[in-house]
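Here the structure of chain A is known, so what remains is to put chains B, C and D in place on it, guided by the hints.
Number of protein chains: 4
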Amino acid sequence: MNTGSFFKGLLDKVAAPADPARGAARRAREVAELCHSLLSGRGEVSGAALARELLAAYAGLPAAAHTPFLSLLASDFSPDAAAISRAADTFADEPSPHHLIALQRAVESPRQELFRRLNVAPGATAMLIELRRRLLREIKAHPQLAAVDSDLAHLFSSWFNRGFLKLERIDWRTPALVLEKLIAYEAVHEIAGWNDLRRRLAADRRCFGFFHPALPDEPLIFIEVALTKRISSTVAPLLDPNSPVADPFHADSAIFYSITNCQDGLRGISFGNLLIKQVAAELSREFPRLKNFATLSPIPGFARWLEQQAIGSPALAALLSTLQTTDWHLPAAQAETLRAALTSQCARYLLHEKLEGKPVDPVARFHLGNGARLENLHWLADTTPAGLQRSAGMMVNYIYDLDEVEANHEAFVGNGRIAASHAIRKLAREYEKAGNGVEAKPQRRK
Amino acid sequence: MNTGSFFKGLLDKVAAPADPARGAARRAREVAELCHSLLSGRGEVSGAALARELLAAYAGLPAAAHTPFLSLLASDFSPDAAAISRAADTFADEPSPHHLIALQRAVESPRQELFRRLNVAPGATAMLIELRRRLLREIKAHPQLAAVDSDLAHLFSSWFNRGFLKLERIDWRTPALVLEKLIAYEAVHEIAGWNDLRRRLAADRRCFGFFHPALPDEPLIFIEVALTKRISSTVAPLLDPNSPVADPFHADSAIFYSITNCQDGLRGISFGNLLIKQVAAELSREFPRLKNFATLSPIPGFARWLEQQAIGSPALAALLSTLQTTDWHLPAAQAETLRAALTSQCARYLLHEKLEGKPVDPVARFHLGNGARLENLHWLADTTPAGLQRSAGMMVNYIYDLDEVEANHEAFVGNGRIAASHAIRKLAREYEKAGNGVEAKPQRRK
Amino acid sequence: MNTGSFFKGLLDKVAAPADPARGAARRAREVAELCHSLLSGRGEVSGAALARELLAAYAGLPAAAHTPFLSLLASDFSPDAAAISRAADTFADEPSPHHLIALQRAVESPRQELFRRLNVAPGATAMLIELRRRLLREIKAHPQLAAVDSDLAHLFSSWFNRGFLKLERIDWRTPALVLEKLIAYEAVHEIAGWNDLRRRLAADRRCFGFFHPALPDEPLIFIEVALTKRISSTVAPLLDPNSPVADPFHADSAIFYSITNCQDGLRGISFGNLLIKQVAAELSREFPRLKNFATLSPIPGFARWLEQQAIGSPALAALLSTLQTTDWHLPAAQAETLRAALTSQCARYLLHEKLEGKPVDPVARFHLGNGARLENLHWLADTTPAGLQRSAGMMVNYIYDLDEVEANHEAFVGNGRIAASHAIRKLAREYEKAGNGVEAKPQRRK
Amino acid sequence: MNTGSFFKGLLDKVAAPADPARGAARRAREVAELCHSLLSGRGEVSGAALARELLAAYAGLPAAAHTPFLSLLASDFSPDAAAISRAADTFADEPSPHHLIALQRAVESPRQELFRRLNVAPGATAMLIELRRRLLREIKAHPQLAAVDSDLAHLFSSWFNRGFLKLERIDWRTPALVLEKLIAYEAVHEIAGWNDLRRRLAADRRCFGFFHPALPDEPLIFIEVALTKRISSTVAPLLDPNSPVADPFHADSAIFYSITNCQDGLRGISFGNLLIKQVAAELSREFPRLKNFATLSPIPGFARWLEQQAIGSPALAALLSTLQTTDWHLPAAQAETLRAALTSQCARYLLHEKLEGKPVDPVARFHLGNGARLENLHWLADTTPAGLQRSAGMMVNYIYDLDEVEANHEAFVGNGRIAASHAIRKLAREYEKAGNGVEAKPQRRK
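In order, the protein sequences belong to chains A, B, C and D. Just so you know, we're using our numbering here: the first sequence kicks off at 1 and counts up by one. Just so you know, we're using our numbering here: the second sequence kicks off at 447 and counts up by one. Just so you know, we're using our numbering here: the third sequence kicks off at 893 and counts up by one. Just so you know, we're using our numbering here: the fourth sequence kicks off at 1339 and counts up by one.
Here chain A stands alone, though its shape is the one from the complex:
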């Protein structure tokens, strides 16, 4: 160490407590330096050691250093604009395969190669998913991170290609290490602990997940299924940890009552579509007597949409204020009054409220886009606080009929047509007939 760097080191130490932001920036720069090394010639031969070092350094970053580091990834590892322009001009002059290849190389961010080299280190795949999770939280405030996000998304769409994922059954034989993650991740119907989980994995239930070979203990997505007689119209019996276990070979219906994406860092890499169909096929093989494959789903956007409708509609506003009281569903008369108004509103919402030609409701968009059919709407099917609040206590069944999903999907994509049962269409028409739906109801009832 020469005198210069000695004093520099001294200054750093002095400065650190005084200016934590500066310390964080320095730490971020140090990790970025390792990134440069990994991309250099040295990285080619000592890649594995360097990648491990980089991973450890990143893991040791203080919280304040993460955004600076992400910013360095955005600023220092982007492709060279001038080189892009030259390659683009050459291609424009003569759009040959070789000029195309040259241009493709020019526009690829050095970040991609960085991430690929980093991935040699054990644990790097998980670290990159985590990095993107952080990045997605920062992206609104730091729009320049979009290019980093795009690179990660591109890489992940190759790495997590469906062909590399394994569908695995999750049951009481699964390692506890994986099971505790179900408890942590479950996003639809919270798992209250190990006893609750154990019931959800009993003989008349099934749980499947997609796993990637590099992350053997991390479900990417998982789905919970109840094997029942008849299509379920309420969710409480499915979730009751003390319910008796039925013989699954007597079931005629498979109810997909929960599907959870586990990795925020893989947002936009779609698995759910394939998972449902593959699980349906798997269950058909194991239980040839199954006839119905149906979800029991919330309508999570309904209450929010209703609020928007209520602006300027005193009748809707009154209805909404009722919905905001605790346990509004308990007084039977009140519930019955609300029923007609809300179910037809909801049917209309699901069938006709669209954004860019697709249903506004995210769950409807997902299942209808997959080729499912909207079959039933159940009043007071989910009276948990969350269910009452977001979906006004209602739930719906989307039916996966493997013989019609393709046709449904094509009609949906081609001309926005939604597959729905006669009953649902009729409900929605009641709304139409009644004008704006709320004030109309009492009249219709006469």
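Derived by calculation from the structure, the hints in this document are not laboratory data. We treat Cβ as the ideally placed atom computed from N, Cα and C, and that holds for glycine. Some hints here could point you the wrong way.
[Stated by the list, open to error] Sample of chain B residues lacking proximity to chain A, with all beta carbon distances greater than 12 Å (derived): (1) A494; (2) I530; (3) L546; (4) N607; (5) D617; (6) G711; (7) S730; (8) E732; (9) G747; (10) Q770.
[To be verified] Which chain B residues face chain A? A few, computed with CB under 7 Å, are given here: (11) F610; (12) R785; (13) G862.
Here is chains B, C and D on its own, set in the frame of chain A:
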């Protein structure tokens, strides 16, 4: 089927025997049609079924249809040149992250998404490797295929990222399904059958390969190691299927005597570098007494290089004509005469004959680029016909000293410096001193 | 069905509610009939089907039928006394190998063959262990069951031979199905639930069990180990679910703090001895810095023994009555007064109170018989209610020094000598010097 | 070492070459000494180490020491005759359960406990099987070994209980280590090498074996099955390594063409019966279209039996001398002449030649005893030298019809009745009608 297509079908059948090329072209178009479907909206929901269908159709293509199909991949699934130009102009005007992302998307070939979707089908990864293998054989004759090759190479560099590969020991417990592939693939020292293979997997030998989770029965690359006392100077004892099996815990040297890339379709995706170092680390753990990690390698470019040198040199030409006689190494006096001339020529060839700053010899380029050191040159170390012909019977040891590989590599990359022992350097100097090496020898010996 | 059996069936049904004992007896006879079939020629060819049928019939036995069935096993499947006498006479006349073999066959109970044939059915091994568990609870009341017990014990000593057991690490990757059994079975320090269990399987803890291939989800015995700095003298820190997890590579001691036999039906088939030594060897390999292998054990027979001593000793009786007050250890002065008296009593108890030449205390008998050394006695090392009550709050360390276990064991078996530290011997001598130990203490302290 | 043992050592060395038998006896005694140690108290605590030592010492025994060691096992580890007599008398006086247990213990050889303790060492199970294999070869010459054999057989019948065996499919994914044993062990139709084996494991063939968890690389028994259209009448097409591979889903018949017991040391521990039925059940599940489960079996005792018949019958003697010429089956006329005589002789042999009420032919005894039905007799179905010589070129189908095996078996065991087709019975009657079968034929043909 309407009348039109009925007649068309009829005509096709009639035409088929008459014009096989036309039939092949039609078959290629049919598969390309499936590719379009898979990329369409229909592919999103029925991807798995379509991908399987496409795979089967491709597998059924007659030989004559392969090149037409590859050409369709090149012509019909490339990015749109006009869209590229627009995106390039926008980026040139304002090089923002979003314009960069837009340009990156514009230059990406639809082929990439096609391959990613296809990969959902079981067996698709293997099929794509096979497709690139065919393509690489055609690329000289059909240069427009370069863009398809570039897309596959790009995809494979993500899919076959080292972080996803598993180093697996291959031994007599390995499934026969995998073992028979070693016999088929071995490229350095042919495996004569199951008995030969069994000896190469005995207690004083080790074999390791890299495997990808999607191809569990397919080694991507494998390396064969002999555990010996002292660094081997001839290859015959290592290959003798009847040699006695030694106690590996008494060995001090691990001799990497064969390394084989198994998948032509993965050309350019480099694994060998990492494999050697990881195997060396693995062996160090199992056998703490090992001190030397060395190859016993051919000099496969030597004879060809010598031929070029001989043009215009009567002395070298005479030497070469001796080398072209059968069993030239058997007359002891003749062999001794050749020894001095050839070993110093060879040392010179390895140390000083370069192409773009790197050794001309492909094996030397590989190991020296990995940071190995050129240690010994052994006269008549490989007297098999192939060894006598390509390497004039010589072999060399490259030493992998994990403490120095990084420094060696950096010197090699930075200023083209080759790590070599004093003995090798001295041998090469003898050549220099002697002028052109051949005529000089008798004088030096006086 | 003929008329007779029709009426018999009718009568059975009528009788059943009126006389449940008669119904139970009938059910027991029906299962015994299946046993006879399985032993007959029919059993040879249809063994698998019959064995499954028998298993199902046994599983369906009402509680009241179990003892009758066990009695039938004792009475109807014993060897023939007359045949035994004949074979014994023949052997006495001429003790040839063939007469010995004939006698061995004559004395073997047909039950043994019955159990071997039954074992073909899936689940039969577990069922037989369960059957012996029931039998052992009944054996005092029904001494004729001893012969059945002896046959099962003989069979199990072959089936559960140590050579067929697998030592398996149990950790957070183990299936929940197995982990929940640890919670259920743990006999020394109760596991309070999944969180408690999770801590006991963290990085600075180890858990190992023996498993039999036919019962892959059933630990036969398991041992819990803490990796610590220094030999633990109190158990609370080892059991605290919120204690920080230490780096096991810094530990110098492995503390065996709990060992549990899981299967009552395998009583007398000893595994513990081998388990401790094998785990010690396993841990030595993984953590070469470990120097001490020690238990932290209760003295479960101490309090009961003290009660017997107190008969006729007013001083001891007074001491005992103090021990029976809640939280007697909390008043510091009182605890200190008790300390001297109890520790020396306990040392004496462990070293000198013997039954048939071996320590009365079952834990001492086990570890000292295995060749361990009694090293330390810790005052107030276990202040849980159970610890205060049974062991007067004390715990001891038995040391497993693999270099001395054999010599210790031989001295123990040969002449009843106990391996113990100087400190323990000194403590026990204080008791001797003080006469009966209690009254003496105050005097010694002057 | 004291002087005495020094001189003793010296003498041993001197004596060794002079008297190898004495050296062998000494070595056998040394191993027997280790056996005594293992049975002593020392064995309880140091069992694992001692067992390993004993195993190594046994493995190092020179060939000449094996029989002496076996004799020591017979003489020194038998139960005490006086103790047996006392226990037998006590039991005779009062045949209580406890006296029975005491007698059972008295008659059990200490060998059994020795073998159980030895089994703790890795590899001991295999070693004990090997020891019995040697013993069975010596038992005729050394009848006192019968008691050792009986103990091993008793132990093995517990250890290798069917409930502990695993049925495993053997195919081209099986480790080479196991596959090479099939080549070595195959006893019915020799496997000519890896290519031959590969064909026998192709898609239209199946191979299954029983494995024991302690011997994971050692098949105990294996069976080879061909999936065919129609029941095979000749074996050559099934064995042809170059035959085309058929689609197994089109097969209607499973032909068990070879079944091999692999372990001589397990003689008398029967697996074959269960294996065939379990494999038939397994195949039914995988291939629901299978209708026939049949063997294609030799008649290995036929030629030998015919020789005995020929004594005193010039006609038969002439026939036999024809059979002893090479390729007697090739001259068509001669073969046709022999056909009638031999097939009816053979049918008669199979149906009526009995020993203790069961067929003399070992293969017939095995399958008919399992409940199979003798269905067809095929002339010149096996024209390999072995087939021509032992079975006069004939083969038969035994049919396993799972619905009738039990009834067949009971009839066979109960009254010696053989299940056979009408055709076979008719063939046998032709023999009867014709008198002694040979001379009669020409007359019948008139």
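Evaluated hints:
1. A494: A494(B) is in fact no farther than 12 Å from some Cβ atom of chain A, at 7 Å.
2. I530: The assertion about I530(B) is violated, with a minimum of 7 Å to chain A.
3. L546: 6 Å, violated
4. N607: 5 Å, violated
5. D617: At roughly 22 Å from the nearest Cβ of chain A, D617(B) sits farther out than 12 Å, so the non-interface label holds.
6. G711: 16 Å, holds
7. S730: Non-interface label stands for S730(B): nearest chain A Cβ at 15 Å, farther than 12 Å.
8. E732: Given that every Cβ of chain A is farther than 12 Å from that of E732(B), nearest at about 19 Å, it holds.
9. G747: Check passes; 23 Å lies beyond 12 Å.
10. Q770: Given a closest Cβ separation of 39 Å, the condition holds.
11. F610: It holds, given that the least Cβ distance between F610(B) and chain A is near 6 Å, below 7 Å.
12. R785: 35 Å, violated
13. G862: The hint is violated - G862(B) has no Cβ within 7 Å of chain A, the shortest such distance being about 12 Å.
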